[in-house]
Every structure is written in structure tokens, then in C-alpha cells.
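Colleague: Residue numbers (the working numbering): 1 to 294.
Where hints are given, some of them may not hold.
[As the list claims (entries may be wrong)] Simulated pairs of lysine-lysine, DSSO-like, Cα-Cα distance not exceeding 30 Å: (1) Lys185 <-> Lys222; (2) Lys222 <-> Lys165; (3) Lys238 <-> Lys222; (4) Lys242 <-> Lys291; (5) Lys242 <-> Lys165; (6) Lys165 <-> Lys188; (7) Lys188 <-> Lys27; (8) Lys238 <-> Lys165; (9) Lys185 <-> Lys212; (10) Lys222 <-> Lys242; (11) Lys212 <-> Lys165.
For the record, the hints were derived by calculation from the structure and aren't laboratory data.
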Amino acid sequence: MDSLQDEFCLWVEIYVLGGLDEADQQKFEEHLSGCAECMEQLGELKRIMDALPLAAVEVTPPVSMKNRVLGRVLAAGRAAAPSSTVDDTSTRESSESTEDQEISVPSSSVPSPQTKLHRLPTKRRNRLRMVCAGLAVLAVALAIYSAILQGNVSGLRTELAASTKDVAGLQEQLALAGAPSQELKVDKVVQLAPAAQDIVALGLVTIVLDTKGTHLLVQAEKLPELSGSEAFQVWLIKGDVKQSAGTFLSSQGTGAMYYTFDPQGYDTVAITLEPDGQGEQPRGRMILTAKLAE
Numbered sequence: 001m002d003s004l005q006d007e008f009c010l011w012v013e014i015y016v017l018g019g020l021d022e023a024d025q026q027k028f029e030e031h032l033s034g035c036a037e038c039m040e041q042l043g044e045l046k047r048i049m050d051a052l053p054l055a056a057v058e059v060t061p062p063v064s065m066k067n068r069v070l071g072r073v074l075a076a077g078r079a080a081a082p083s084s085t086v087d088d089t090s091t092r093e094s095s096e097s098t099e100d101q102e103i104s105v106p107s108s109s110v111p112s113p114q115t116k117l118h119r120l121p122t123k124r125r126n127r128l129r130m131v132c133a134g135l136a137v138l139a140v141a142l143a144i145y146s147a148i149l150q151g152n153v154s155g156l157r158t159e160l161a162a163s164t165k166d167v168a169g170l171q172e173q174l175a176l177a178g179a180p181s182q183e184l185k186v187d188k189v190v191q192l193a194p195a196a197q198d199i200v201a202l203g204l205v206t207i208v209l210d211t212k213g214t215h216l217l218v219q220a221e222k223l224p225e226l227s228g229s230e231a232f233q234v235w236l237i238k239g240d241v242k243q244s245a246g247t248f249l250s251s252q253g254t255g256a257m258y259y260t261f262d263p264q265g266y267d268t269v270a271i272t273l274e275p276d277g278q279g280e281q282p283r284g285r286m287i288l289t290a291k292l293a294e
């Protein structure tokens, strides 16, 4: 029966990890109520498990492990039956022949009960030390990992704060750049006229002055339909000098363009239909035109 009780002591770790089924758990708890050493070992293991910041996910122990432990318990129970009896007569004769002789038995041939009782606790203590060492290593690793994560989070927060500050600065600059000037003044409004009789397009040119410079706003409608890479191009003209003010595309015959320029006495503005938007001089047909200076 002592052997059976000792085998129950091997269930402490499995019990702590929740690996026993209901029947085995009940048997072990009955054994636990009368085993002070198992109670002490159980308390130490629970304290270690509770100290971990991140508990491991509950895992069902392998079937082979449970079968091996239960097999040893059952085998120990069957082996507890007494061995074969000894004939009384031969026992008496043996006693008479040896009663005057001293029997000397080497101490190492038969283990004393005290030796056996101390051997099993030593094994359990060694096993407990190994379990404690493993759990301690795991706790240290988790602590290091937590510190690394905390450092990364702090770094990300610093970067986020810096990025937020940069974005705020850019938004402020954008707001200042996009804010309308308080000294905005319309200098001139000119009607664009068709450059030929078969053209039905109409347009308007507005010249605006502010503290940032002189701006040209061109608006046109009923423009010819574009195809391929064609584009409309705006020209500022002074005598034979033609300066491109930019290109634009139309949507359902309507288009517009905004251009900041340095006024140099340009006297004419014109819109042409170009094969593409890459020309430095007019190549296509003139669509709309207007005089800027009388």
C-alpha cells in the first residue's frame, strides 16, 4: 500500500497543471488530505504558477503519460500480495541449527525502511528543483520580453508625437499658403471671343492682383471635343513673343486654368487646341482670343 501511496505522489505536477480527469483527481485529493509532503510540494508549485505574469495555455497531457502513470499504480497494487509461505517444520529445524550462530548480513544487501523512505523524497525534490528552474527561466524570459515590448511602445509613442508635431506644422503652413489674400483685387475682366466663325466656344479671362502677385483665371465652355493626347493651351502674347501659361483638359466642353505670372505688358491672351501639352510654341488651331490692352 505504501508503494501505491508513493505513486500517487507522482501526480502532483499533473494535478497542478489540471491534467487529471475527474476520477483521478478525486483519488489524488483523497491521498493529498493525508500526505503532508505532497501538500507542501503542491503549495510551492502553485506559488510558482501564480507568480508567472503570463500563464501557459491549458494543455491536456498526452494519453501515453497518463496510461504510464496509472499502469505503474495498478502494477504496484497487484504486487502487494504476500509471497509463498514457508514450511513450519523446516523453519524450526533451521532455527535450531542456527540459534547459536550470529548472522551477519551486509548492510547494502537489504535496504532499510529509512533508506527507502528517504530515497523517494529525494527524487521528488530533484524533480521539483527541475520544474522550479524551468519555471524561473520562463518567468525571466517573460520579464525580458515584457521590457522589450515596453521599450518599443515608448519608442513608437515618441515617434508618433514627433510625427503629430510635424503634421501640425505642415497643416499650419498649408493653411497660410491657401488663405486668400486680404488685399485681393480684380484688375481686369475680358471676354474671350471665337477665333473663327465656325467656333461656338465662349470664355472669360479674369486678372487678379494680390500681395502674392498677378494671377490669370481662364474659363471656357462649349469647347471642341478632345481626342487622344490633345489638350488646350493658353498663351500670353506680346507682339511676336508667345509665352505659354499652361494647358488644361475639358470635361463635356468646359475647362478652366489658373496661372500666376509676371506681367510684362502682354497685350493678347489666346487658347489653342494642341496635339499634346508639351509645346513651347503654338502648333494647333486657335480657338479663343481676347485683347488685354486697348
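Colleague: Can you confirm whether the C-alpha distance between Lys165 and Lys188 stays at or below 30 Å?
Modeller: 42 Å, violated
Colleague: Sort out whether Lys165 lies within 30 Å of Lys212, counting only the CA atoms.
Modeller: 28 Å, holds
Colleague: Can you confirm whether the C-alpha distance between Lys242 and Lys291 stays at or below 30 Å?
Modeller: It holds: about 14 Å lies between the C-alpha atoms, which stays within 30 Å.
Colleague: So if I understand the rule, the pair passes when the alpha-carbon distance is 30 Å or less; does Lys238 with Lys165 pass?
Modeller: 48 Å, violated
Colleague: Keeping to a limit of 30 Å between CA atoms, is the pair of Lys185 and Lys222 held or broken?
Modeller: 28 Å, holds
Colleague: Are Lys242 and Lys165 close enough, with their CA atoms no more than 30 Å apart?
Modeller: 46 Å, violated
Colleague: Could you grab the alpha-carbon distance between Lys222 and Lys242 and see if it respects the 30 Å cut-off?
Modeller: Satisfied, since the Cα-Cα distance of roughly 25 Å is no more than 30 Å.
Colleague: Are the Cα positions of Lys185 and Lys212 separated by 30 Å at most?
Modeller: The given pair, whose Cα atoms are some 11 Å apart, holds under the 30 Å limit.
Colleague: Tell me if the straight-line CA distance from Lys188 to Lys27 falls inside 30 Å.
Modeller: 102 Å, violated
Colleague: Tell me if the straight-line CA distance from Lys222 to Lys165 falls inside 30 Å.
Modeller: With a Cα-Cα distance of about 47 Å, the restraint between Lys222 and Lys165 is violated, given a limit of 30 Å.
Colleague: Taking only the CA atoms, is the gap from Lys238 to Lys222 under or equal to 30 Å?
Modeller: 27 Å, holds
Violated hints, listed in ascending order, are 2, 5, 6, 7, 8; each of the other numbered hints is respected by the structure.
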